[in-house]
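Colleague: Below are the chains, spelled out letter by letter.
There are 4 protein chains.
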Amino acid sequence: MDLKIFERMESEVRGYIRSFPVIFSKAQGSELIDERGRRYIDFFSGAGTLNYGHNNPLLRDRLVDYLASDGVVHGLDMATSAKKYFLQTLDRLILKPRGLNYKAQFTGPTGTNAVEAALKLVRQVKGRQNVIAFTHGFHGVSGGSLATTANQKFRVAAGVALGNTSFMPFDGYFGPDVNTMAYLERLLDDPGSGLDRPAAVIVETIQGEGGVNVASQGWLRELEHLCRSHDMLLVVDDIQVGCGRTGHFFSFESSGISPDIVTLSKSLSGFGLPMSLVLIRPELDIWKPGAHSGTFRGNNLAFVTASQAMESYWTDTGLSERVAAKECFVRDWLENLVHSCRGAGLSVRGRGLIQGLATPAGDDLAQRIARRAFEQGLVIETSGARDEVLKVLPALTIPHELLGRGLEILERSTNDVLESLGRIPRMLKAAG
Amino acid sequence: MDLKIFERMESEVRGYIRSFPVIFSKAQGSELIDERGRRYIDFFSGAGTLNYGHNNPLLRDRLVDYLASDGVVHGLDMATSAKKYFLQTLDRLILKPRGLNYKAQFTGPTGTNAVEAALKLVRQVKGRQNVIAFTHGFHGVSGGSLATTANQKFRVAAGVALGNTSFMPFDGYFGPDVNTMAYLERLLDDPGSGLDRPAAVIVETIQGEGGVNVASQGWLRELEHLCRSHDMLLVVDDIQVGCGRTGHFFSFESSGISPDIVTLSKSLSGFGLPMSLVLIRPELDIWKPGAHSGTFRGNNLAFVTASQAMESYWTDTGLSERVAAKECFVRDWLENLVHSCRGAGLSVRGRGLIQGLATPAGDDLAQRIARRAFEQGLVIETSGARDEVLKVLPALTIPHELLGRGLEILERSTNDVLESLGRIPRMLKAAG
Amino acid sequence: MDLKIFERMESEVRGYIRSFPVIFSKAQGSELIDERGRRYIDFFSGAGTLNYGHNNPLLRDRLVDYLASDGVVHGLDMATSAKKYFLQTLDRLILKPRGLNYKAQFTGPTGTNAVEAALKLVRQVKGRQNVIAFTHGFHGVSGGSLATTANQKFRVAAGVALGNTSFMPFDGYFGPDVNTMAYLERLLDDPGSGLDRPAAVIVETIQGEGGVNVASQGWLRELEHLCRSHDMLLVVDDIQVGCGRTGHFFSFESSGISPDIVTLSKSLSGFGLPMSLVLIRPELDIWKPGAHSGTFRGNNLAFVTASQAMESYWTDTGLSERVAAKECFVRDWLENLVHSCRGAGLSVRGRGLIQGLATPAGDDLAQRIARRAFEQGLVIETSGARDEVLKVLPALTIPHELLGRGLEILERSTNDVLESLGRIPRMLKAAG
Amino acid sequence: MDLKIFERMESEVRGYIRSFPVIFSKAQGSELIDERGRRYIDFFSGAGTLNYGHNNPLLRDRLVDYLASDGVVHGLDMATSAKKYFLQTLDRLILKPRGLNYKAQFTGPTGTNAVEAALKLVRQVKGRQNVIAFTHGFHGVSGGSLATTANQKFRVAAGVALGNTSFMPFDGYFGPDVNTMAYLERLLDDPGSGLDRPAAVIVETIQGEGGVNVASQGWLRELEHLCRSHDMLLVVDDIQVGCGRTGHFFSFESSGISPDIVTLSKSLSGFGLPMSLVLIRPELDIWKPGAHSGTFRGNNLAFVTASQAMESYWTDTGLSERVAAKECFVRDWLENLVHSCRGAGLSVRGRGLIQGLATPAGDDLAQRIARRAFEQGLVIETSGARDEVLKVLPALTIPHELLGRGLEILERSTNDVLESLGRIPRMLKAAG
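Residue numbers (our numbering), protein chains in the order written: chain A, 1 to 432; chain B, 1001 to 1432; chain C, 2001 to 2432; chain D, 3001 to 3432.
What the hints contain is simulated information worked out from the structure, not anything from laboratory work.
Accuracy of the hints is not assured; some may be wrong.
Chain C stretches covered by chain B per the calculated footprint, using a threshold of three residues with CB under 8 Å from any CB of chain B [said to hold, decoys possible]:
no.	region
1	2122-2136
2	2193-2201
3	2382-2394
The structure displayed is predicted, hence computed values, not measured ones.
Where a beta carbon is used, it is the ideal one built from N, C-alpha and C, also for glycine.
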């Protein structure tokens, strides 16, 4: 395949095309197909955007019907039938059954726009500028969100100083023996800590981009408690791990916390269409009309598929159960792999269908494995500040057989790379 | 129509739904149709997003075919056939014929994401933090862009101080007799002006959101000259008035200037689908791989319709000629209207098919007229910091007959409102 | 004289030592004496710090007595007899006679510390971050003040972006025909100007460092009016031109304006001792105890000399009258000089005993003249963003004879330099 | 004594006058005398400014002689004989004997001005904006310094967001078992920590204002090591604990570290006169001439007394030995006091003649004790973010007898207050 047009015309900023240097032309479910017809199993899922797979026919049919009927495609934030139906469905299938009471703000249809709106609102509500974000957190790369994104790769690109954010250690940042929440509490309690009083905390329950770091339920509950006791709002950025990724629609459901604001995007439309949503506790909704705008803030095609996705997958608990089963399957597989490669410094972490295979930081082991896997027909991404974690992120709907084949490729690739580096004695590998 | 679900569930930030309080269910060409079947002529065009009309069948057919063939919908910034074709078409039909040499960066698919990327890049290139923006400019509401957006309504919502931007008076800001470029030059030349050395200037050739303020060709050329002589980059934000709105694909073509960076969005996909693009002079493309990311930065459905839009409308000069003809028609009509309402303080300004009917600031005349027009079946937006300018922004493809009917409604509404306010003696009106 | 120890040990930041490369050992009244015993007439006055001359014996005697009596020298902001007496004297001789009602804040004893306090207070009072400062303004170089100082030489040294300040054109910035206050008013009135609502305006009535730029009384009154009508506080930085420099104790007295806050320093102690003062309208004094601190904020030796200075010079109008007479004398002389050098592009501006001889910007004429004058025994400073203005800033108490001799040297030096550059035909000079 | 004039005329910001509500008129050595003639032992020493006592006659005589001889009092940064002699003496008695090679920058004569200059320089040198400061650190209240000062009382007064500073835990911040340097190292090593690359670290070896927190020698050496390995400059702010407070001229001498930049002020002049100094490794002295200015940056009277102080106290090791002896005496006394009050939660910390008697945070025990001590004739300050630490800060030259009497008062006051609060059983107290 000829990638020359990309090399000539696309900015050097292009990224994934470098990891997966083929031209994809089609996609079905959990498979991508390149221009030569080669099929790839997708453990990447558009970085969490394709929880229901590529070109899910349930959603596509509804979309095509809508297009055929001259439904409104673009309407800024005017009222449309598609938007009305989305709101009704969100209320009926997601919020009400969970006893949640949120108002919905539709921002420009990318995750970062939702985060921008959330950060603005918490600052307006509390009249303070500082917010707390966490090590290895990722919340987007536009100016406001970027200030809360930890990775230097993104931060230095700003070309300006990023302020009004204090970074705190995420759960487990100093190893399993240190309770990082005690650290934050100490700083908040101490008027001489240098920590300017925050309007809010923004947190991912599982840091996808940051290396599949999982916050424990207890840590999240302590965080919520700190927010209440120190008059800070709690914003959960559920953009990557919401919409069912953990088995529940919201990633925080099992922890029992009640965020003040939730940001959603990625898999919200269910079909890979740009869409974003900020859920706001009604009493915090002090927005002035039109004070946050955006041309594409009502993406009606996304409303259509999002409504259908909720109807297809969130009317009963079937999806949650299937995710749980797959989580076990993936987890077992990866732990076996780690076990079989003992001495290589691998480990597993994750929750639901976001599982990370962590390699020792500092070398490019994970990237080598991903590259090798791609050669063998598996699309898998690395994450973490040093790209040291392989992120297993299949569609929630991936057929069991494809999931197994993907894991086989991952295992084989890991072994190949470790062996080529002399990290695993051949014998051990055979034993594994 | 029952808007209760919106009132209950949508954030107070909602805007246009308040101006156009109906539920739209369908849209065809230059008409919107509400749930009761009532048709409205659209002079709003999704704030410049629908240059080729709603649900343009040329584009829709291609889109439906693509969906039917399981084309890749979501692929982050991986290479896809749809993206390849878009790049080839952009080069063939837009850049090459105009002698332009730009590289393309696909950002998150909203205008503000493109502006964020442009601002980051200019700061990286020049190693300076300050940029120049203009009074009444609008470049988006995410943190980085917002700092360059002039309107206080948006700025105060940030909840933080917005910096690294110096606002300068746009062309005509102090009336026709003051050359605002001389002002900027004075400040740039003077090491004691307080103006920190800027990395770049960001400018709209016509300020859509800011009140249909048109920069003259001479002013733009002087600006480019200042950029060159003071080592600043020139960024043209062509999000609202690019893609043919002025008759040319780029709004700056007729002025002869050569921007270093151009941002496009809105009508780029041609179908109302979220899409954004930053065009960069190749020697400035110092981006590090992956340093600016975004989940939806390769919206393949938009690539499909954008390619088709270029093929349908930009292979010859037909569209430009039709825009020119319509511009004359609209302009004449509006100038007649102003003439007939002399004493009411109205005036006309604009270029191509973005024309503003300006009313005296400080009262809500424009909003009253827009409201009256909507009652009569015309969707028209106000703009300007005080919503004092009616923005005539029809699709470029609007049939002559609909255009005329829309203008009739606008004229009638203007007369109605002026009369109701006692601003026009009945006699004069009759004479008009 | 051997300056090697300075070259070896003092930072490259040293400045005036480069213009006046001798070692001064003594100073009396308006004369400086170097280590070789050479005398220099002082038209520099410590940049406005020595309004009553060097080592004024009236003040020195009081100071020596105080030292001999073991008066408190350092007491932070504890109450001392010297401070009490200063407050009483300030009230009795300065505030009461002028009908002024201010509270006094003693900050760290440098001008910039006073400005820092003033800026903090206005932001606290109004709850806004932005302030307005002016082109060519100078308010100090510590972080907060520096943001309001216009000269790039100082700004770039910060190494960080300086924000929360909007620079506006000072009176006359665009020449005599442009009313710069109308510019500011336009921006303040327009919600789309990009100007964030300011807490306050900080202004020098005469910009000393900025090039002896004089604000007209009318301009100052318009500024005060704008402050009132736009709910902004008015801060007059009277550090350089207060304490009698214009003939009145405060430079703004003749204009009739009533600043909300006034900063004083430089000649306040009367003896060249570090001292600063912020005068605050009582209703604005919302400071929390101890919220602004500083080790030397009660410089008792300065209280002693400051009290004596007020008693020696501000019990009657004698000083004001003498300043007025000297102003006329200097002004006449300078205007004659300009006249005699016609064609050289010189001009005069100033008020009271701060008079500027402006040279065409862009060459180093003023610096050459200053250098030549120093060779002939006159210490005179240049100012302005390009060091293009010779600043005539003698002690208010300078004897007439010394003043005349100094002006003769200035005239001769000007002629010498112009002649050496071929700017004045010998004939014209003779005629002059 | 009548404090009404202060209440009426001095800003609410006044602080120490509230703790010590008398009017001091004289001061000798380690005693302050109020207007009624009552004598107070001074354990406060102008917050570290009077290391050689009040009105030290050795210094005063030199000062009076200088004044009598018409020595230059004010000379901006021109060369003077007094300044030359100071530089020579600094080199001969302080730098050379310690093998130190620094250049000297004289800033505006307050500590915060020196810190401002240091922060500017490190940012210029490294081309980065961020700096690291520590919990409970105090570096001044002007804009640049304030950003590195941890205490919220000072920070919120700014009225603007303070940025470009990352606060790290000081030695012992999480108790004796946590190595806070490991925390900092973890963040520096991790590109995903959110810590923007710092230009420098600014640190006090003992935090005076912050509560007499002592950095161990090992911690300081680790910090220096981190600075070297991560290309950060090391700035030691020795304003409060330099000039002999710890027994050595510089507080960091005993640790063996070599700061890149050192700031001095407070006791530098030896007489309570405003003076500040930045010591800079020569290769870092990239200042542009005049880029950091200040009216009082060459306080010649301070040069005179500072030179004399060095000659009187730093020609041999006598002062160091006397400080060591007094440290033992004070320390023993305080530890006995703590022992005798066991159960009250007191503790001692400090180094040299800065010793803190820490009380449980959260009540106002320390302030009550200080108030009680003042009633009994002892001036003693509290410090710490909650004013929970009594700071024993006598002059280094305090006579043994006065030191003992002061400690007796402190002990008695402590007992009185604890008893009145019922915190010490009478029996225990008797035993003590």
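Colleague: Would you mind marking each hint as holding or not holding in the structure?
Modeller: The hints, checked one at a time:
no.	hint	result
1	2122-2136	holds (count 6)
2	2193-2201	holds (count 5)
3	2382-2394	holds (count 3)
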